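Asks: This is what each chain is made of:
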Amino acid sequence: MRLPELEILKSAWMRFVAEDALLVEFGEKLDDEVHQKVLRLDSALKQSTISAYIETLPTFRSLMIKFDVFALSQETLLNTLSTLKATNLKTAGKTWRVPVCFESDCAQDLAEVSDLLDLSESAIINMLLQTPLKLYMYGFAPGFAYLGGLDKGLNIPRRATPRAPMPEGALMIAGGLACLSSVSMPTGWYVLGQTPVSMFSLLSETLVPFAVGDELQFYEINFDEFRQFPAMPGNAGAEQNTG
Amino acid sequence: MNYLHIHRAPVGVSIQDAGRTGYLRYGVSSAGPMDWARHLMANVMLDKHSGDAAIEVGPAGIGLSLEGEDMQFSFAGPGFVLKIDEQVLPGPARFILKGGQALEVVPRRGAMWGYLGIQGNFNLSPVLGSYAENSVSGLAARKITSGSCLGVYREPVNKPAVQAYIDPYIALENEPLEMMPSSQYEHFSSEARDSLADKAVAIAPRFDRMAYQLTGVHLHCERGHDILSDGVTMGAIQVPGDGRPFVLMADHQPTGGYPKIACICKADLPRMAQMTPGELFTLHWITPEQGLKRWVLMNEQLKSLTALRGL
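Chains A and B are the protein sequences, given in the same order.
The first sequence maps to residues 392 to 634 in the numbering used here.
The second sequence maps to residues 3 to 313 in the numbering used here.
Everything labelled a hint here was simulated from the structure, so no lab data went into it.
Treat the hints with care, as some may be off.
Computed footprint of chain A on chain B; a stretch qualifies when at least three of its residues, placed anywhere within it, have a C-beta under 8 Å from a C-beta of chain A [as the list claims (entries may be wrong)]: (1) 24 to 33; (2) 131 to 144; (3) 166 to 178.
With a Cα cut of at most 16 Å, we get these calculated EDC-like pairs of lysine to aspartate or glutamate [to be verified]: (4) B:Lys-50 to B:Glu-157; (5) B:Lys-295 to A:Glu-466; (6) B:Lys-305 to B:Asp-54; (7) A:Lys-476 to A:Glu-396; (8) B:Lys-100 to B:Glu-157; (9) A:Lys-420 to B:Asp-228; (10) B:Lys-100 to B:Asp-72; (11) A:Lys-476 to A:Glu-398; (12) B:Lys-295 to A:Asp-459.
Note that the structure is a prediction, hence the values are computed from the model and not measured.
Cβ coordinates follow ideal geometry from the N, Cα and C atoms, glycine included.
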């Protein structure tokens, strides 16, 4: 049976953003439908016979295709994309219970955000705990996870100037999104809590604990529990809720 | 096994191969050389594969000595000279160090990045498939500092003692750097796009392997400076809210949340990397097809380097 050609490409905008990088963009805003199109193109490419692409980078809204331009011309790549076949995509991700500490040094900017948004600290924590957040992409740094689905009441612009380096595992918000950091770096985001779960480890087969599309349900732990959490690689400490 | 004893490794010295591939989706950047052309030249002079690991030398040079048997090296990078005992050698060149001999790579005017190639292989294990060091995330097969000792599986000396080559980039010195439109080109007004190409610009005094900030031009993005993060490439010109553009270099993050107006073309990335702070240059718009033609041509020239006679 002949599978239908990839319909989603009709709604895509494409540009070679470097000689060897094609950007396929499906939208500009955070949108589950847009994100699904990105993942569907990624999956279709993986299962295709195109061999001269080096890697793909899926984000919220676009797929960047890096390819070996000496083996596959820009024109051939475009032609091949138009013949891609649709593939079945796993629909639902897993849901994880992820511990977060909102006390002491773990919540460095909680008081500041409480002032800026005129919300009590406990109200902010409750907003972070009430519904799971969806992992849309990794980027910026190894294991740095971007999360969507944040309560609209927690929308706060990024800082104009970066703050001092955040700790590893910081749960941060800015620009209507949340994120979990992996390495300590200066940041324009606000640090509200910290997870003891390791977000990136060379010792873990998957490198990162959660997959794109998974949902993270945070639960609160106190500072003692945070300190005593086993410092183990991979997803030790996060529990899978449903499969 | 031979050993390289690094006695002087100021900031900016690292091991670089072609970089990591396959891990962008986990937030792991590729790293790799700042100047892919001189990195390639260092390998070509030794008949090695284009992506083999070499030592990247920053603007302050490096000093080392060789323990073991005689061994062939190569060096490419504008603005540096090589000192072996009393002998001074300009690059790009292939040369031999005798066991016990010391090498100083000394920066002269305009030195930024140079590449020391080795005839053989480092006694190191790759990390995620690569020997490259990322200065931001810290991923590295081995970080080099003063006092480091690097084991090398040497291959036999099989070439003349010294051979100098012509650097094909010298001929391009005063040409504008070429760039192509990037992901958010349409977010900028035609005035903003024109002003990026009209004005003489330079890089700011503070720079690193992650990015170069451009001075002399201020760009306003009509559709705002905060965008939902998407993928970025080396050479992309990002414009944050203060309107001061910066060029993403080898250790750039995989994704970015600022609009990208342009990307420096591959053939001119080496010239971008080698610009010294304050040195004026201009930018010129081209298409990706034109960029590709120049890249292909440059690759051919680099893979058949012209030997300099009389040495």
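Asks: For every hint, state whether the structure bears it out.
Replies: We went through each hint and held it up to the structure:
1. 24 to 33: It holds, with 7 qualifying residues against the three required.
2. 131 to 144: n = 4 at 8 Å, threshold three: holds.
3. 166 to 178: Three-residue rule not met by the stretch 166 to 178 of chain B, so violated; n is 0.
4. B:Lys-50 to B:Glu-157: holds, 11 Å
5. B:Lys-295 to A:Glu-466: holds, 13 Å
6. B:Lys-305 to B:Asp-54: holds, 14 Å
7. A:Lys-476 to A:Glu-396: holds, 5 Å
8. B:Lys-100 to B:Glu-157: holds, 14 Å
9. A:Lys-420 to B:Asp-228: holds, 12 Å
10. B:Lys-100 to B:Asp-72: Given that 16 Å is the threshold and the Cα spacing comes to 4 Å, the pair holds.
11. A:Lys-476 to A:Glu-398: holds, 9 Å
12. B:Lys-295 to A:Asp-459: holds, 14 Å
When the structure is compared with the earlier hints, a violation turns up for hint 3 alone.
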